[in-house]
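A.B. asks: Residue-level listing of the chains:
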Amino acid sequence: MARVVFSSEQQRLTKEAECDVVASTYRQLIDAVITRYPRLDRDDFMRMAIAIDGEIIHEPLLETVGDNSEVHFFHFIAGG
Amino acid sequence: MAVVDYQAPLSIKEAVTLLAGSDIKAKVMAGGTDLIIQSKSQAAEPLRILDLKHISEMMSYDISDAGLSLGPAMCCAEFTALDDVNALYPGLVEAAYLIGSTQVQGRASIGGNLCNSSPAADTIPALMASRAECVIHGVEGERTVAVEDFVTGVGRNCMQPGELLQSIWLPRPAAGTRDAYLRFIPRSEMDIAVAGAGVSVSIDASGTCTAARVAIGAVAPTALLVPQAAAALVGTQLDESALAQAAAAASIAASPITDRRGTADYRRQIVGVLVKRAALIAKQRAQASL
Amino acid sequence: MSEAREFKYIGQNTIRPDGFDKVTGRANYGADMSLPGMVWGKILRSPHAHAIIKSLDISKAEAHPGVLAIATHADFPSVTDEAIESGEGSSTLLDLARNVLAKDKVLYHGHAIVAIAAKTAAIAEQALALVDIDYEVLKPVLDVRTAMAADAPLLHADMFTQGLEEAPTRASNIAVRHEMKLGDIDAGFAEADVIVEREFYTPTAHQGYIEPHACTVRYDKDGQSMVWCSTQGHFDVRSSTAKLLGMKLGQLKVIASEIGGGFGGKTTVYLEPVALILSRKSGRPVKMVMNRDEVLKATGPGSASRSKIKLGAKKDGTITAMKGWLAYEAGAFKGSPVMLGCMTAFTPYAVANMYIEGFDVVVNKAKVAAYRAPGAPQAEFAVEMLVNELAVELGRDPIDLRLQNAAKEGTQTIYGPKFKRVGLVECLEAARDSAHYKQALQANQGRGIAAGFWFNVGGQSSVVINMNPDGTGTIVEGSPDIGGSRASMQMMAAEAMGIAPGLLKPIIADTENVAFSQGTGGSRTTFATGMAVIEAAEDVVNQVKQRAASVWNVTAEQVDWADGVATNMAGEERLTLAEVCAGAERTGGQISGRANINARGAGPSFAVHLCDVQVDKETGKVDVVRYTAVQDAGKAIHPQYVEGQYQGGAAQGIGWALNEEYVFSADGLMENAGFLDYRIPVASDLPMIDTIIVEVPNAFHPYGVRGVGESGIIPPLGAVGYAVESAIGAKVTDLPLSPPRVLALIQGNT
Amino acid sequence: MMAKLHITTSINGDATEFLCEPHDTLLDVLRNDLQMTGTKEGCGSGDCGACSVTVDGRLVCACLVLGVEAEGREIGTIEGVGDNDKLNVIQEKFLEHAALQCGICTPGLVVSTQALLTLNPDPTEAEARYFLAGNLCRCTGYDKIIRAVLDAAATMKGAA
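Chains as they are written, first to last, in our numbering: chain A, 524 to 603; chain B, 1259 to 1548; chain C, 8 to 757; chain D, -18 to 141.
Among these hints, one or two may not hold up.
Said to hold, decoys possible - Pairwise CB distance ranges (calculated):
id: 1; chain 1: A; residue 1: T558; chain 2: C; residue 2: E206; range: 40 to 50 Å
id: 2; chain 1: C; residue 1: A174; chain 2: A; residue 2: N591; range: 35 to 45 Å
id: 3; chain 1: C; residue 1: S672; chain 2: A; residue 2: T558; range: 51 to 61 Å
id: 4; chain 1: C; residue 1: G595; chain 2: A; residue 2: Q551; range: 37 to 47 Å
id: 5; chain 1: C; residue 1: N605; chain 2: A; residue 2: A540; range: 45 to 55 Å
id: 6; chain 1: A; residue 1: T558; chain 2: C; residue 2: D570; range: 53 to 63 Å
id: 7; chain 1: C; residue 1: D193; chain 2: A; residue 2: T558; range: 29 to 39 Å
id: 8; chain 1: A; residue 1: T548; chain 2: C; residue 2: R177; range: 52 to 62 Å
id: 9; chain 1: A; residue 1: T548; chain 2: C; residue 2: K188; range: 23 to 33 Å
id: 10; chain 1: C; residue 1: R12; chain 2: A; residue 2: A540; range: 38 to 48 Å
id: 11; chain 1: D; residue 1: Q16; chain 2: C; residue 2: R428; range: 27 to 37 Å
id: 12; chain 1: B; residue 1: T1275; chain 2: D; residue 2: Q16; range: 53 to 63 Å
What the hints assert, rightly or not - Only some residues are given here: those of chain B computed to face chain C with a beta carbon under 10 Å:
id: 13; residue: A1432
id: 14; residue: F1442
id: 15; residue: S1446
Claimed, not checked - Below, a list of computed lysine-lysine pairs in the DSS-like style, where the Cα atoms sit at most 30 Å apart:
id: 16; chain 1: C; residue 1: K112; chain 2: B; residue 2: K1298
id: 17; chain 1: B; residue 1: K1271; chain 2: D; residue 2: K67
id: 18; chain 1: B; residue 1: K1298; chain 2: D; residue 2: K(-15)
id: 19; chain 1: C; residue 1: K315; chain 2: A; residue 2: K538
id: 20; chain 1: B; residue 1: K1283; chain 2: D; residue 2: K(-15)
id: 21; chain 1: A; residue 1: K538; chain 2: C; residue 2: K425
id: 22; chain 1: B; residue 1: K1298; chain 2: C; residue 2: K315
Hints are computed from structural coordinates only; laboratory data are not their basis. Beta carbons: idealized from backbone N, C-alpha and C, even for Gly.
Here chain A stands alone, though its shape is the one from the complex:
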């Protein structure tokens, strides 16, 4: 089971801060999350930053997710 932690914006839709899903890839993880929380918008995930086990990743589509991975979604970070 991977642990998914939602951003504060997402939490307004999920009403939960985090959940556990069974997934071995990022694609499966998103599918599972959206099945559980239909109010989440698939496109919104593309506009968020994600971190898998603390590593900030920008191109997650092909990413694998470990059994005990923690996946965080958060606001996109730009800079000066």
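Here the structure of chain A is known, so what remains is to put chains B, C and D in place on it, guided by the hints.
C.D. replies: Showing chains B, C and D alone in chain A's frame:
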């Protein structure tokens, strides 16, 4: 203003003739550090510039037992490097040294600072403190006006159309008389004075102040002589209580405004601090000159 | 990077490859380009802070001799409200178009309305005076407090606050509300023995780059238009400009000139689309250069902010709760970095209970742009001031208290991930052990300390390394070099290839000569583009090994590579890189390495600053007398330029803390739009700025790089602020600490 | 409107002629007419020093000098610093100390430093800071610039 013509007269006579005969608005230029910016920023009134820097009297100085006759267009960088002037008028040199950056001092002049007549001009309080006079070449000949009577308002002075500031005269300070100028700015350099104070004191061998001049800048539409502040110093040893009284008199005389450079209340307070501190420096210099 | 390693070139102070051009005046910046037949464009700007454009008549200007083209908002094809990438990533195309040339309404003093191209700049300016505009002047809102009031004049009648539980029914100047939490904030305060709380204000401050915005453009009907401009991201200029003008990306080449400072302010477009319209209409190349007045009035400053922060701690020093409320000015259009303020405010601390809400608020000022660690200095200033107060309340040394609560590996951040290895503790220890911290203070002096956190950014970078037949090479990258990054690229490639840095010449290619690369910002270039450079260099090495193997008729695995030389492990033969390159035509053609990456694993850089000030208690003037900047670089590729980033960030932050602010009249007109009265620090304002480079490697970068550009501007606000507070013994709430404000604090008149 | 003025001057020792309008500044002339873009424009009001040049050896801002005033004068610009392809000591020290980041202020600072060291070959740190206060730099915090200036002074003194 848009500069459409430029002339570089070689004599005061030629300059005055050009000034009087111009068919369009004509302005004389010394360093141009104010005039060139003004000419960029305003609407398209045509302007003829008469550059004074090719007139040798405008660019030179003469120091004698009677005093200093200063060409108004000499740049501050040249002026502040004059050792003989610095020995007698350290306050005026200080003021000239404070005008803008090194680069600006390479152009800006004391005459230009005076004729631009900004309330915050650094040299004006210093000139007042040192009893300076303006020698004006007019259509009907020469006239002399004390600096405190020269500036009449924000950006205004007593010169009539066709007149030209020909030289600046400062009487030679006796031994025991010296000046100082201090200004306050938010940074250490590059700002316009939030307040300024020029002080000249004369002391005798016992250390008693026998005469004083106190002038303040950037706290009223023009720089002001403050006789009450001077009176607070005369007859004292320039001790702390006399300095405090002079400071209070300067604060009372001030009628500052609030703007992007400081609040009225702040200016009123610090002009007193500057008078006090400048008077102390002048006192030390006066003592050293005895 | 998993373990400390020996480097051959990394960590040396080489002479930057573009240095010769920069000290001789040969380097070409935004305003240095001229084209044959070029004409000049100038912009008419709003004299009001808030007004409806009732009518706009350009007929007299059009008829003025020498005028070649006029542009207004009507020249933009129908733009949509699609989101666009900029420094903040939260702007829309429609807002951008309305910022570049106003539509129906002007929203700040200096807002662009009409652009005119003429044979000379002087003629263009004369023609601007002939444009007739009838305004209905409206009341401006100049501060988040007034803007957030229920009865405030509205900038945008169609803007409804996002992020509320229930969709609002009334329009508002509040664009977005954000909220973040961790743990149970009420329980956290219930546990606390000591609580401190204060409200703060930070003013509008400008990035203050010395080079004004400038571009020279040529619109060609055959679809080969080009823009030469000063920008932090020429690919972003291309996409914004192309979208605004309805062009394909392939129709527009953007060439990044040398850039004379950006600090976030050159991550968006102002002139480029306008100049292209003028060029299209006039059929001539057009040059546009802002003056300083325009730069300050109409290009992105950093957000002014108001904040309320409350902290709670136990007697033993454990911070149990951190609570915050932030409201940031976005300027005329939504998109302040307040979210980044929420994400950074408390992040230097490992605290179980946190809550913060942030408001993005429009006001009648120029639309803000990113400014170095956007959003972080404002929020972290407030928190650091209170952490110092907490130390006093608890009777603790402020560094010691921070060490007790410092974020470290495994700390849960409020914004999401747990930290990997970070270097805050090491920075705090270095500050504590510094000679500076041990030096006694004199009369009228005070000392401040503050920490700062910035995420750092990865993202997309593309690099090609083209090798020449003599073994020299060109590193072709797409990240504009603002502060010497070409030197770092050269060194990282040299390290990866094992050859002298001087053999490789780094260049910033235009948008046609390298694949898409994100702009320089967020402290991403040395990290992300550097990672691409290393990968491209390794690609070259692999190809060279292949070629050597084919010469020796062995496999690549049998070729050893060290110090730029291939050795046949099966025999004694050796081939240098230059020899392989020289023979490339016989082994499969010329050699070039490439990398197109989306860099992951950006590692935060923490900073800790120490500041000593001396206060003139009669005038309120503050002098910084000693300053030390400590920061975790991960790995300093070129230590001098790393120090330079620390020092430059410190100087900007000191300016923000002491004297920099926008001054507006009650009518909303900017009164200090020049370097005379927008007072950035001059050489005589500052002492030498001591630096301590801490190196806690970022495990996700081959050489351990974190990125150093942003964090250095965060701590100065709190370090200077608290130094003044302790020198005068009065609580500081508002910046800047200009002499009148400090004197009022000393005299108790706040 | 008058016809353009014909000016004869010397720039970096080269006899030079140009035509200009009476309102053109020396900076306009250098950059736009003579294509000498090494002198930079940061403010146009004498507040930043990016356009520092010398007129008859005196350090000034080219934005506060009219082009016509160049008549008969000796103008010195960044293009005249150093000797062809050889950098002078000041330029070398700026590179050695990494005294530049974006580099837009660098030509002005090099010209100003040359003026400083001509007037005062052995400046203190404070003297250098005050002399150069009119040359704004937003990138460096001035630390490395001042070190480069002081090192250049020491090196030039050692060589003299």
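A.B. asks: Does each hint hold? Answer for all of them.
C.D. replies: So, going through the hints one by one against the coordinates:
1. For A:T558 paired with C:E206, a C-beta distance near 45 Å keeps the hint of 40 to 50 Å intact.
2. Look at C:A174 against A:N591: about 39 Å separates their beta carbons, and that is inside 35 to 45 Å.
3. Range check, C:S672 to A:T558: about 57 Å between beta-carbon atoms, so the 51 to 61 Å window is met.
4. Between C:G595 and A:Q551 the Cβ separation comes to about 41 Å, which falls inside the hinted range of 37 to 47 Å.
5. Evaluation of the 45 to 55 Å hint for C:N605 and A:A540 yields a failure: the beta carbon distance comes to about 28 Å.
6. Restraint check, A:T558 to C:D570: a C-beta distance of roughly 55 Å satisfies the suggested window 53 to 63 Å.
7. For the hinted restraint 29 to 39 Å between C:D193 and A:T558, the CB-CB distance of approximately 34 Å keeps it satisfied.
8. As the Cβ distance of A:T548 to C:R177 is approximately 45 Å, the hint placing it in 52 to 62 Å is violated.
9. A:T548 and C:K188 have their C-beta atoms about 30 Å apart, which keeps the hinted 23 to 33 Å range intact.
10. One distance hint, 38 to 48 Å for the beta-carbon pair C:R12 and A:A540, holds here, with the actual separation near 40 Å.
11. Restraint check, D:Q16 to C:R428: a C-beta distance of roughly 52 Å breaks the suggested window 27 to 37 Å.
12. Here the CB-CB span from B:T1275 to D:Q16 is close to 39 Å, at odds with the stated 53 to 63 Å.
13. Taking 10 Å as the C-beta contact cut-off toward chain C, the hint placing B:A1432 at the interface is violated, the least distance being around 32 Å.
14. Taken as an interface hint, B:F1442 checks out: its beta carbon lies about 6 Å from the nearest beta carbon of chain C, inside 10 Å.
15. Proximity of B:S1446 to chain C holds as hinted, the smallest CB-CB distance being about 4 Å (cut-off 10 Å).
16. Of the pairs offered as hints, the one joining C:K112 and B:K1298 holds, with about 28 Å between alpha carbons and a cut-off of 30 Å not exceeded.
17. The straight-line distance between the Cα atoms of B:K1271 and D:K67 is roughly 49 Å, outside the 30 Å bound, and the hint therefore fails.
18. In summary, the hint linking B:K1298 to D:K(-15) is supported, as the alpha carbons are separated by about 18 Å, within the 30 Å threshold.
19. The straight-line distance between the Cα atoms of C:K315 and A:K538 is roughly 27 Å, inside the 30 Å bound, and the hint therefore holds.
20. Restraint check for B:K1283 and D:K(-15): the C-alpha separation of about 20 Å stays at or below 30 Å, so the hint holds.
21. In summary, the hint linking A:K538 to C:K425 is supported, as the alpha carbons are separated by about 21 Å, within the 30 Å threshold.
22. Taking the CA atoms of B:K1298 and C:K315, the gap is about 45 Å. The hint is violated against a cut of 30 Å.
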